[in-house]
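The primary structure of each chain is shown beneath.
Number of protein chains: 2
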Amino acid sequence: MTSATLSYQFQPVGLVHSCFKEKFAIPRQPALAPAARGHIELLPPYDSAEALQGLEGVSHLWLTFIFHQAMPKPNELRLKVRPPRLGGNKKVGVFSTRSTHRPNPIGLSVVKLDRIEGSILYISGIDLLDQTPVLDIKPYIPYSDAIHQAENPMAPESPQPIMVTFLDSALQQANDHQQRLKQPIVALIEQTLAQDPKPAYQTPDPQRIYGVKIWDLEVKWQYPCADQIQVISVSRL
Amino acid sequence: MTSATLSYQFQPVGLVHSCFKEKFAIPRQPALAPAARGHIELLPPYDSAEALQGLEGVSHLWLTFIFHQAMPKPNELRLKVRPPRLGGNKKVGVFSTRSTHRPNPIGLSVVKLDRIEGSILYISGIDLLDQTPVLDIKPYIPYSDAIHQAENPMAPESPQPIMVTFLDSALQQANDHQQRLKQPIVALIEQTLAQDPKPAYQTPDPQRIYGVKIWDLEVKWQYPCADQIQVISVSRL
Chain A
1009 MTSATLSYQF
1019 QPVGLVHSCF
1029 KEKFAIPRQP
1039 ALAPAARGHI
1049 ELLPPYDSAE
1059 ALQGLEGVSH
1069 LWLTFIFHQA
1079 MPKPNELRLK
1089 VRPPRLGGNK
1099 KVGVFSTRST
1109 HRPNPIGLSV
1119 VKLDRIEGSI
1129 LYISGIDLLD
1139 QTPVLDIKPY
1149 IPYSDAIHQA
1159 ENPMAPESPQ
1169 PIMVTFLDSA
1179 LQQANDHQQR
1189 LKQPIVALIE
1199 QTLAQDPKPA
1209 YQTPDPQRIY
1219 GVKIWDLEVK
1229 WQYPCADQIQ
1239 VISVSRL
Chain B
1009 MTSATLSYQF
1019 QPVGLVHSCF
1029 KEKFAIPRQP
1039 ALAPAARGHI
1049 ELLPPYDSAE
1059 ALQGLEGVSH
1069 LWLTFIFHQA
1079 MPKPNELRLK
1089 VRPPRLGGNK
1099 KVGVFSTRST
1109 HRPNPIGLSV
1119 VKLDRIEGSI
1129 LYISGIDLLD
1139 QTPVLDIKPY
1149 IPYSDAIHQA
1159 ENPMAPESPQ
1169 PIMVTFLDSA
1179 LQQANDHQQR
1189 LKQPIVALIE
1199 QTLAQDPKPA
1209 YQTPDPQRIY
1219 GVKIWDLEVK
1229 WQYPCADQIQ
1239 VISVSRL
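Protein chains in written order, with the numbering used here: chain A, 1009 to 1245; chain B, 1009 to 1245.
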């Protein structure tokens, strides 16, 4: 049998509305940015509170979703990828990584379930792009999912965060938008940039300005030295 | 937007060869039966050791797979299900359970990776049916996946196992097949039946004989009392 013999078709049950409006700078795993919030809108015919009944008291969810901005090209065969974790310049087998570029562009992410309103699930600690199609939602089951003795030499611990500072004016802007949006913008910027979004193999030019879209904001930063990020402005798009 | 607006098509990257030859009696979560073994055969064009390079030392894998014996019927809308965990007679929302009957019949399971030979992954602690199509294989990442503080009131701990005994003759048969198959048959039967495969709401008739197919064996048992299983024969199919 070959892969082409069997084929399965899926339609999303929901859509993610996320603080992350572009792929760049999204934390590489969930939980690295607890201030990263969003919600899942269930799509008809699944947009019913009934489908969520029983989730009361469940703290975390597994989302199976589509990497909708990393769809493989037809006939593209990618057996090895360059994960950012290894600096972005070393190739390993695709099934040994969580890379977005995979035979079936299916993502897997655990998120915190903050609350449910009707058929809307409010979630945080997310590493999901805005408009991500959700294929399935399952409860986290601690006794089977939290494997304390598990080992993964390629990702033995969370990446070392780098220092993030704000220009005074940028911090003021972030605080103003925080009040307007009623979202933890300062913490979100700190937690997101502490993962150092630029490719690990890139030595930053102190003059170069980097930017990313978060909520309706454009966040700009520089690297005054290689291991430090300075946020220079936080402005509305 | 409705669910029907978007559609995605996937082809399996692999196929599970499992000790469990039918749905009945499969443990409801992985890791409940460490003696449950199998392997994943990668399908062409993914059947290359290259795609697995980097998995050395990784202890556990997430499998995303198809519940191929629980495909929804066209136009079937199932927002609530009766999970076995709740006795099989109480309905809850489909997204609050790991039920096999879901809008997209996608399963998620963490398994132990025992070893790799070429493009074959030997796995254990599985809750997978034989011939399960695998959509994706991802490494377990302890720092993000093992959430120690996670809570799930519906499944707060692993189900209480029930006592499993063997008739002397059945134990002898199991040991003989264990030697022939070079598989931990006695432990597998014990661990599988300790989950009590029959529906929780069913009061067992002490006369009734239950059976299940494991590897190339038919295992038969009775309930001498409600909270005890006695294996009465283990014979080749």
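No wet-lab data here; the hints were simulated from the structure. Since the model is a prediction, treat every value here as computed from it, not as a measurement. Be careful, since some hints might not be right.
In this list, chains with the same sequence are indistinguishable; a pair is considered to hold if it fits within one copy or across any two.
Claimed, not checked - Cut-off 16 angstroms, straight-line C-alpha distance, at most; resulting in silico cross-link-like pairs (EDC-like, lysine to aspartate or glutamate):
1) K1088 with D1055
2) K1088 with E1058
3) K1099 with E1058
Item checked: Hints violated by the structure (numbers, ascending) -> Those not satisfied: there are none.
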